[in-house]
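In order, the protein sequence lines correspond to chains A and B.
The opening residue of the first sequence carries number 11 in the working numbering; numbering runs sequentially from there.
The opening residue of the second sequence carries number 18 in the working numbering; numbering runs sequentially from there.
Rather than coming from a laboratory, the hints here were simulated on the basis of the structure.
Some clues are possibly wrong.
As the list claims (entries may be wrong) - Result set (DSBU-like, lysine-lysine): computed pairs, CA atoms no more than 35 angstroms apart in a straight line:
1. K110(B) - K350(A)
2. K607(A) - K149(A)
3. K311(B) - K361(B)
4. K386(A) - K536(A)
5. K65(B) - K121(A)
6. K71(B) - K376(B)
7. K260(B) - K816(A)
8. K418(A) - K404(A)
9. K817(A) - K110(B)
10. K71(B) - K109(A)
11. K386(A) - K262(A)
12. K64(B) - K357(B)
13. K483(A) - K409(A)
14. K398(A) - K459(A)
15. K536(A) - K262(A)
16. K121(A) - K64(B)
17. K795(A) - K260(B)
18. K697(A) - K311(B)
19. K811(A) - K772(A)
20. K64(B) - K62(A)
21. K384(A) - K350(A)
22. K260(B) - K772(A)
23. K311(B) - K109(A)
24. K260(B) - K817(A)
25. K311(B) - K677(A)
26. K109(A) - K121(A)
27. K260(B) - K803(A)
28. K108(A) - K64(B)
29. K311(A) - K357(B)
30. K772(A) - K697(A)
31. K311(B) - K65(B)
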Amino acid sequence: MRIILVVAGVLFISANRGVAADLPPVDFNRDIRPILADKCYSCHGPDDKTRKAKLRLDVRADAVSAGAVVPGKPDDSELLARIATDDADLRMPPPTTKKAPLTPEQVQLVKRWLAEGAKYSEHWSFAKLTRPEVPRVDKPAFPIRNPIDAFILYQLQQQSVKPAAEADRITLIRRLSFDLTGLPPTPEEVRAFVNDPAPDAYEKLVERLLASPHHGERLAVWWLDLVRYADTIGYHSDNPMNVSLYRDYVIKAFNANKPFDRFTKEQLAGDLIPNATQEELIGSAYNRLLQTTEEGGAQAKEYEAKYSADRVRNVGQVWLGGTLMCAECHNHKFDPYTQKDFYAMAAFFADIQEAAVGRREAGMLVTTPDQEEKIKELTEAATAAQAKFVAAAKSVATKPDAFADVDKWPIAPAPKGKAKGPIAPAVPADVKAILAKPIADRTASEVAKLASFAQLHAPALKAERTAAASAAKAKTDYENTLPRVLVTRAGPARTIRILPRGNWLDTSGPIVTANTPGFLPPLPPKADAKAPYNRLDLANWAVSPENPLTARTMVNRLWRLFQGHGIARSLEESGTQGDLPTHPELLDWLASEFQTKWDLRHMIRLMVTSSTYRRSSVETAADREHDPANRHFARQARGRIDAEFIRDTALAVSELLNHEVGGASVKPYQPPGYWTALNFPAREWQKDTGAKVYRRGMYTHWQRSFPHPAMVAFDAPSREECTCDRPRSNIPQQALTLLNDPEFVEAARVFAQHAIEKGGAKDATRIAWAFERATGRQPTADESKVLAEVLTKHRAEYAAKPADAKKLVAVGDTPTPKDINLEELAAWTGVCRVILNLHETITRP
Amino acid sequence: MNLQAIKLHQRRTFLGQACRGVGGVALSSLFASAQAADVARSGGALKKLHVPPKAKRVIFIVLAGGASHLELWDNKPELAKRHGEPFPESITKGQPIAQLQNAKLTCFAPQWGFKKHGKSGQEMNELFTHVPEVADDLCIVRSIKTEAINHDPAHTFMNTGSSVSGRPSMGSWITYGLGSDASDLPGFVVLTSSRGGQMQPIASRQWAAGFLPGRFQGVNLRGQGDPVLYLTNPQGVASEQQKDVIDAVAKLNQMHNTAVDDPEIATRIAQYELAFKMQTSVPDLMDLANEPMKVLDMYGTKGADGSFAANCLLARRLAQKGVRFIQLYNRDWDHHGGVKAGIKSKIEEIDQPFAALIKDLKRLGMFDDTLIVMTGEFGRTPMSQGGSGRDHHIKGFSVVLAGGGIKDGVSHGATDEFGYNAVENVFPVHDLHATMLHLLGVDHERLTVKFQGRDYRLTDVHGRVANEILA
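Okay, chain A solo, but in the shape it has when bound (with noise of 0.2 angstroms):
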């Protein structure tokens, strides 16, 4: 049970620890685990290959009995002695480990915890989940909105933080639509909400955003991540594989708000689910996800164990938040897992049938009801037609003339696959053996092979034989032109055995059953007691109330896209190695309102309707000195917006964008040659054409191995693994892209065309109009000055040079008006790329 005590004192520790008095009591957790965790728990923890001195000290029973730790009586502490002394030979950790001795603050709290009797708590995120009560809180420096103002509230005034005032309102649609959409709003938009007077204005918009079909693409780009969604294998020839369905999906279960534990449940075990449907298949596509190789010379043992490796990876990621994957080769250093954990997860997937090295399948036919009723006719018409035929053969095989002119038959090679050897010239011996005999003498297989003779190759079937050929050739080309996706097929399970040192060559290791780790509430018993677990079992067990871990990590995770930073800044994880809460109750409270419905949209709504959310982004030179990290949400956090949004913002504020909701990924601009380092086969991109050319950057081909190049820039991940947390860099390739990406350049021309068509007749009315749509504000007469600065000389520069105008309006597929000026219209694209390139534009402020 967590009560509120512990928030008090989080963050300001150490400064004024050191003296006894006064001072709250040592929080494990909090104070020691830390500690021990970095610098003792390597040879004294956990993994028992690593031990030294058979001393484990994230025991407490243990630690106890060996006499390191004495509680209440700090000076008997053999840990504490080894930790003070200034003996190097004996002082821990050794100078071996290369870590630096513990601090004298450190040696401090260890002590005050040893004589305060050395209490050991459960890690945060292993414990079992409660809900905190909400902490009642005096004088609200804001309105309390919602449970979360009030956790939010409590800790800033118990650390007299003040936190910042309410963000204008174009900041708060522009932050709500880039964090609900992943796209600005438009200037209408903007007016709309300022000016609206309506009591609940702002809930009202969130209502709108929410029920857009891109909030569903935007919290798509964050799941893709997570589970590593790409379109391609990944190793070696890093060809293409059918799972675009896959993210539509994950787009549509956004969009319905399907419930978190369903979802979980199709993702992981969708094909297990009785009566499974096409939807539910679909989402089984997630155990699909992973890379994979088609290398000549893979082995498959090899290959087996590396997925086997990536799925608990993934798994252990995303569900669970932890770095289950330590696991691999040896007993977690820090954390209670154990490598009989890792294997007995790797066993819930052993019944994926999938090729270990080669192609992946074309995956499951995807149909509507109407193309299921068209395949079905197809389908009749192709056995009527192929059952008119075969008869039609044999009553050939049963005339008694139909063979008169069999040597003057054309004799077409058979189809592939049927004949060996060499094509007979002629017709075969056999065929002619049967033909001499007398009809009545023939035996009942000698008349069928001379109808498979006849259906091949007599010249009187050839109606038949086209007809059954081309009702089969129209059921497959109609299956053709219909979508496939990989999804999870369950078979004959492989056997799993744990791998000494993750060595795939070794097999002397104990085979091991499909099992959640030890330390974490059990599987229930299942109803047939010997039916080994399966993933459906771990789906359930993933979402069940006892399981800790996935409530807390997901609204940790979403706190982060809508706060900047997660409440548990290591959002990758949330072990005993990871960063603590900053406020462990909040977390604990969502996590439980989470896991009460698995309503991902209530959670959403939760944090975005706060008056938490919508605190200004600004930072004082008092924030900067006390929290510079922000730890306290006493701000929002402003920051760069994701990749995708990028291109995004470009396409909408120019309106070339592409408005439609799912489909294959397309391939947009790019660079030529970027694909060389490529091979098996050697390939060059093939860019679309028309409006695939500027649908959202979610829907961008991606590369595995060469991810576009102007998503990497903005640190787009490769998705070969879980990505939890992007970082946001700021590095001179976003410059180039933004500057001479054609998709940016075109998109700044069209802009300009906008600009100059509805932007009213003057330069400055222009300017004003342009300005608003990429940043919701009119600009400043400074800041107009610039631009028009930037104008007046391109428009002389290009007058003079009407071929460059030229060449640079013709940058990218869209054409340009006849009745434009092009010189007038290459000036305003400079301008128009200024804007485009504008830190405010490409941030969520």
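Could you slot chain B onto chain A? The hints should help.
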């Protein structure tokens, strides 16, 4: 330092700089060289080196596809003697094998003769005619081994110390730790060459920064099209007009900063300046016209044509510019068949430029502080594949080192009499990394970044500095 701390550090770096309260100062002067250069250089995470450095930079040559040690550096008379005989099963039993799975394994003699050169008597393929001139500058290690037997994971292992995707590559680790002295070029540059043939793919993951910040990723200088992606101005935009756009962006960002006081804005302005400089510096770098003819002749190139020769010369130019880690991939070393003719053609391709690189660096006084490394992602089997080639092999192959802090004119380590297992002074890839970092002044156990709750490093939990080969 964990990643949050890095980010925070970055932010703090700018708190006291450039943007704070700057009013009407002309931007061109504000962001002139010093500022932009500091940004480019910033981020050497190590404030102090751990050991005195011997090398300032690395040129790492990858003979991609898996060059045959048995045809280049590792002469095996016993293997030659047993040519055509069954390969001893005692050696291969239970070992990983690639394309020779289920095949009959027979001894396959080195396909070329070997000759000894220089005072040191370094032994190498008889076809080399230029490398012998620098034989006494080389340290040939014939006992490297790796852990991944297929191209893609093997490159990943050689570059990151792990065959799991997503870890930072060595060039990223090194620029992260040491920063870069290049003011208008990236600190980690990758060039690729080949003349066609069996070209195994090379994923961009090989120069990715993994969980390190994006600015430490390698930049691929391309032989065709824009040398750096999106480097060239849009058609119809003159250089001066591009500058107008960049200046206006900077001015408007600056104005916006007075309202929002965002440290990222200063960084962004500096990055635009750097990008603009790269638009000149990269073409200048790639333009070999101002190299004296005799230098071009020494390398055997006529200009930046994407050849290995041109890339070696570019590597020297990049080294002069202060680039920290230069990686040259030369493809088409995957000789599953026709290894005899294949190696001849590859030696003809690399012999002269590789020797020229060493001679040129010596001429410029840069050899002593430039570490040169040359190896494949793995070696090749002493067993025949299809009667004329060799399969992938990980248990023992060769790496050539030279320059910064490396003992010259020595051979180190050895494989067994078949050239199969490294048996003497075994040199795992992690030891290569540890040694490389050591020469750069870095203790490989202390260049760590916390990710997923764990202190990651290039050498994972392994690595030993090979003191035996240090000068």
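Violations among the numbered hints: 4, 9, 12, 18, 21, 23, 25, 30, 31
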